[in-house]
Amino acid sequence: TQLLEQSPQFLSIQEGENLTVYCNSSSVFSSLQWYRQEPGEGPVLLVTVVTGGEVKKLKRLTFQFGDARKDSSLHITAAQPGDTGLYLCRGRTSGSRLTFGEGTQLTVNP
Amino acid sequence: NAGVTQTPKFRVLKTGQSMTLLCAQDMNHEYMYWYRQDPGMGLRLIHYSVGEGTTAKGEVPDGYNVSRLKKQNFLLGLESAAPSQTSVYFCASSYSTLGRRNEQFFGPGTRLTVL
Numbered sequence: 003t004q005l006l007e008q009s010p011q012f013l014s015i016q017e018g019e020n021l022t023v024y025c026n027s028s029s030v031f032s033s034l035q036w037y038r039q040e041p042g043e044g045p046v047l048l049v050t051v052v053t054g055g056e057v058k059k060l061k062r063l064t065f066q067f068g069d070a071r072k073d074s075s076l077h078i079t080a081a082q083p084g085d086t087g088l089y090l091c092r093g094r095t096s097g098s099r100l101t102f103g104e105g106t107q108l109t110v111n112p
Numbered sequence: 194n195a196g197v198t199q200t201p202k203f204r205v206l207k208t209g210q211s212m213t214l215l216c217a218q219d220m221n222h223e224y225m226y227w228y229r230q231d232p233g234m235g236l237r238l239i240h241y242s243v244g245e246g247t248t249a250k251g252e253v254p255d256g257y258n259v260s261r262l263k264k265q266n267f268l269l270g271l272e273s274a275a276p277s278q279t280s281v282y283f284c285a286s287s288y289s290t291l292g293r294r295n296e297q298f299f300g301p302g303t304r305l306t307v308l
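Those protein sequences? They're chains A and B, same order as listed. Note that the working numbering has the first sequence beginning at 3, numbered continuously upward. Note that the working numbering has the second sequence beginning at 194, numbered continuously upward.
Chain A on its own, in the form it takes in the complex (with noise of 0.2 angstroms):
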């Protein structure tokens, strides 16, 4: 059983476009990490997100921390190429260890 669900799993879009990718559990988050993974590389960490409500932006990222704590959403404004990549939710649930989503495999077409 995957505690956490992220959808869609794939997305392909043109440069310029928005988009939301999302991460969800019926459980709640103690906290909640985005990564994004490369081709070839290991994943590295965008954000972490402890708050229900928090929102948090990294340049055009926008991250949003469900207020009841079982959700989380990933938005991209005007994406570029290099925005590409597989975008991974990670997060602990009550009585479970922390646990990686399957995934977003997002591509972004020039």
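Think of the hints as simulated: they come from the structure by calculation, not from any bench. Hints are not guaranteed to be accurate.
As the list claims (entries may be wrong) - Distance ranges between label pairs, derived from CB positions:
#1 B:Asn221 / A:Ser32: 22 to 30 angstroms
#2 B:Val243 / A:His77: 33 to 41 angstroms
#3 A:Val52 / B:Pro254: 24 to 32 angstroms
#4 A:Ala70 / B:Lys207: 47 to 55 angstroms
#5 A:Ser14 / B:Thr306: 26 to 34 angstroms
#6 B:Thr198 / A:Asn20: 17 to 25 angstroms
#7 A:Ser28 / B:Asp255: 21 to 29 angstroms
#8 B:Leu291 / A:Ala80: 29 to 37 angstroms
#9 B:Ser260 / A:Ala80: 44 to 52 angstroms
#10 A:Val52 / B:Thr198: 28 to 36 angstroms
#11 A:Glu17 / B:Gly233: 24 to 32 angstroms
In this text the structure is predicted, and so the values were computed from the model without any measurement. Even glycine gets a Cβ: it sits at the ideal position worked out from N, Cα and C.
Once you've looked at the hints, dock chain B against the given chain A.
Okay, now just chain B, sitting in the frame of chain A:
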């Protein structure tokens, strides 16, 4: 400061052969982890360590063993490789497992093929 390094980068084994993957970190982190990554399945935790001399099982430990004899090194062993162990293996380390301090730093990965 090299961060997390892994050796080897690539390896091809025959079924039944054994091998050891080496992970080293120079950040003085207590926590170290071994993951495998397969298409459509994200990162799955194999084993982890909360400090020198300690190891614990993760989600998918069967067929693997680990050792943490030195704080900076975490070894992953396959005693008798099987085709189902064909995967990309990532090592990671972290300062803590709590809140904002549980950022994991990953190595570049080892691509293993078992024929």
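Hint check:
1. B:Asn221 / A:Ser32: 22 to 30 angstroms: For Ser32 (chain A) against Asn221 (chain B), whose Cβ atoms are near 25 angstroms apart, the range 22 to 30 angstroms holds.
2. B:Val243 / A:His77: 33 to 41 angstroms: holds (35 angstroms)
3. A:Val52 / B:Pro254: 24 to 32 angstroms: Hint holds: Cβ distance 29 angstroms, inside 24 to 32 angstroms.
4. A:Ala70 / B:Lys207: 47 to 55 angstroms: About 51 angstroms separates the Cβ atoms of Ala70 (chain A) and Lys207 (chain B), which means 47 to 55 angstroms holds.
5. A:Ser14 / B:Thr306: 26 to 34 angstroms: 28 angstroms Cβ-Cβ, so the 26 to 34 angstroms window holds.
6. B:Thr198 / A:Asn20: 17 to 25 angstroms: violated (37 angstroms)
7. A:Ser28 / B:Asp255: 21 to 29 angstroms: holds (27 angstroms)
8. B:Leu291 / A:Ala80: 29 to 37 angstroms: holds (35 angstroms)
9. B:Ser260 / A:Ala80: 44 to 52 angstroms: holds (48 angstroms)
10. A:Val52 / B:Thr198: 28 to 36 angstroms: holds (30 angstroms)
11. A:Glu17 / B:Gly233: 24 to 32 angstroms: holds (26 angstroms)
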